[in-house]
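Chains S and R, in that order, are what the protein sequence lines are.
Our numbering applies: residue 1 is where the first sequence begins, and numbers increase by one.
Our numbering applies: residue 1 is where the second sequence begins, and numbers increase by one.
It is possible that some hints are incorrect.
Simulated pairs of lysine-lysine, DSS-like, Cα-Cα distance not exceeding 30 Å [stated by the list, open to error]: (1) K157(R) <-> K398(S); (2) K398(R) <-> K398(S); (3) K157(S) <-> K398(R).
The hints are simulated quantities; they were obtained by calculation from the structure and are not laboratory data.
Number of protein chains: 2
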Amino acid sequence: MLRAIVTSSDSVPSVPGFRFAGVTAGIKKRGGPDLGAILAERPIPTAAVLTTNQVQAAPVLLTRERVSRGRAQLLLVNSGCANACTGAPGMRATVSSCAAAGRAFGVEAEDVLPASTGVIGQLLPVDRVKAALPLLKAGMREDGLADFSRAILTTDKGPKVAGVQLTLERKKVTVVAVAKGAGMIHPNMATTLGFVLTDAKVPPALLRRLLRSATDATFNALTVDGDTSTNDCIIAMASGVSGHAALTSTGRAVSRLEAAIREVLGGVGRMIVADGEGSRHVVQLEVRGLRTDAEARRIAATVATSNLVKTAFFGQDPNWGRLIAAAGRAGVRFDADVAQVHVGDVRIVHRGVAVGPEAERAAHAIMSGPEYSVRLTLGRGPGKARYLTCDLGTDYVKLNADYRS
Amino acid sequence: MLRAIVTSSDSVPSVPGFRFAGVTAGIKKRGGPDLGAILAERPIPTAAVLTTNQVQAAPVLLTRERVSRGRAQLLLVNSGCANACTGAPGMRATVSSCAAAGRAFGVEAEDVLPASTGVIGQLLPVDRVKAALPLLKAGMREDGLADFSRAILTTDKGPKVAGVQLTLERKKVTVVAVAKGAGMIHPNMATTLGFVLTDAKVPPALLRRLLRSATDATFNALTVDGDTSTNDCIIAMASGVSGHAALTSTGRAVSRLEAAIREVLGGVGRMIVADGEGSRHVVQLEVRGLRTDAEARRIAATVATSNLVKTAFFGQDPNWGRLIAAAGRAGVRFDADVAQVHVGDVRIVHRGVAVGPEAERAAHAIMSGPEYSVRLTLGRGPGKARYLTCDLGTDYVKLNADYRS
């Protein structure tokens, strides 16, 4: 049984084996916390899922290289500057700031992983990072996760932390996720970053597999605007101090840890969508009845990113024609004549045609709420998929149209 | 040499061998012209490019079946009702209205092609179509294209007609395109419709090839919102009354006719983007330097449909980070370190990094205009592509968020 220990920032938990800090280094033009660190007691099993964008920021490149060894001890994360599209000077800045942090914290340079989020095309100000390291080190605390969670934010309305406790092999284990992101990318102040921390004892290869599968089910199945960033990164670290024997690759304990990681990543993922730039409605989209899950997922992704669907959500309009038309352009064959559409529990389309005005009025009422589900049933096959999305409102446009300077 | 004879509705040309009309049949709730017809003197070579959406409206299904014979005589087009997602009753309504039009005009039922645009999920009101047929027939005129062009509009700000004259085999030939669409789909009042009419003498198979290639270069390389409709359709008819010998499949005359068709379809396509729901800027996007044209086109389509790119256009912000990041998620390999970005003639990115604030100020000034070009050079390969897009502004959201009832 998973026990949620936090789903907001009100009571941020600690995770045995980790210390945290967040400070103001002067990287953000507008001020506020912008440099954070997560420190383990020694190099520990570490895994990462990194952006698939062809254009990758220097910190992503360096983390990709270093995490291939399956271990790390220190995460150095800044907001306010993505250090993307900054060429060789950008890579030198990332390497140099990680080396300085390693020296300050007594950690091997190779065991320091960087992550950055913020304006693309601006060079990381190494001097400001270096100058803030003594303060960062002095601030490291076991209960410092709240400080860290604030230091990594950009356009977010608030910090995003989710945690659960479970019992593995008769030992209490904690799993916590902390994330930032108010769009899959907010390209001036870019990016989704996510960190999963646990005191479970997990070998690196297994940790990688669990992170990948949980990410596919959560962060890879949500969208604010369909864009992905040069800096997206999710890193998992397992301190192993909970005291149980190291998990092997299968078994009940592994399944339970996998469920816990999915739970916390899903939790912060939902907070990201709810915080989606200007969004007012979180929509749980479910697509069923296709031949395979992959087909269902392809349709779900197309519907969830359709501007016409998302503006209808903004207008609280049960505009099922847009849902069906978006599904129809996903490149997947289905029989529109058997289509059913539900908003919450209200069926508005049956066998491909409208149920009627009364059903649509009931659906409209549901769509005025902050969170609801939409289900498309497009056949009788076993294939299904879920996707989390939000409405596209005028505030999204205003937030993203601001001239940068 | 092509001679443009019209690029707006000010002086709408006639095309020898065709008569046109547009009337008010009462299909649109808000009133106004909503039923149009194009009539040839006899069944003539006809070709169509139809939506690739898996969900296809009844008129698309019927036109697809009938046009496979390569001939038609009468086009019956209505706005205000898409007759999509209307099941078997929808197909019966389309077949029945075409049959009635055939009887009224003395045309074989099989030679009548329907096209519809408007609200998805509402049944075509056959009685209103039938009741309007006498008026429609009485209104048929050689100079009636302006009436027709107005009867097919939905949310468009105005009619869209483009024409050229050229000399083929020493005979004067006219090629005209007429279209509607203020989004690739405006899903309440859905769809892009386009019609190409010429008095050239072209066999059906050649007409199909020319229409397909011109559509790929024009309508398939423009976007307002990335959505495609259940009703999209472009139909070409060639009356052959210009008097030259029938064109064979290759040769200089064929190339010139192909260029003319591309010119007129490109002309009305540009009007559609300029009329894009709430758009203020038409942007000619050019992508160069890839290994193949297909790779360049894939990147161009991704950049042209990115909400973050399009909101930056709305904000007149030369936010090259968004352009590069969108290119990076197209699934095509390129070397970001050699990337160049131009806005108009101003280079803002050189070798993957920013040129500087002065260049961006100059680019910002260009982006305040109604139409400009953006060029991404992503390598040294020969592959290139063009795409026409527009900004995404608050008006787009407002237009599309209105609750239907």
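We went through each hint and held it up to the structure:
1. K157(R) <-> K398(S): 24 Å, holds
2. K398(R) <-> K398(S): 13 Å, holds
3. K157(S) <-> K398(R): Distance of about 24 Å is within 30 Å: holds.
Hint violations for this structure: none, all hints satisfied.
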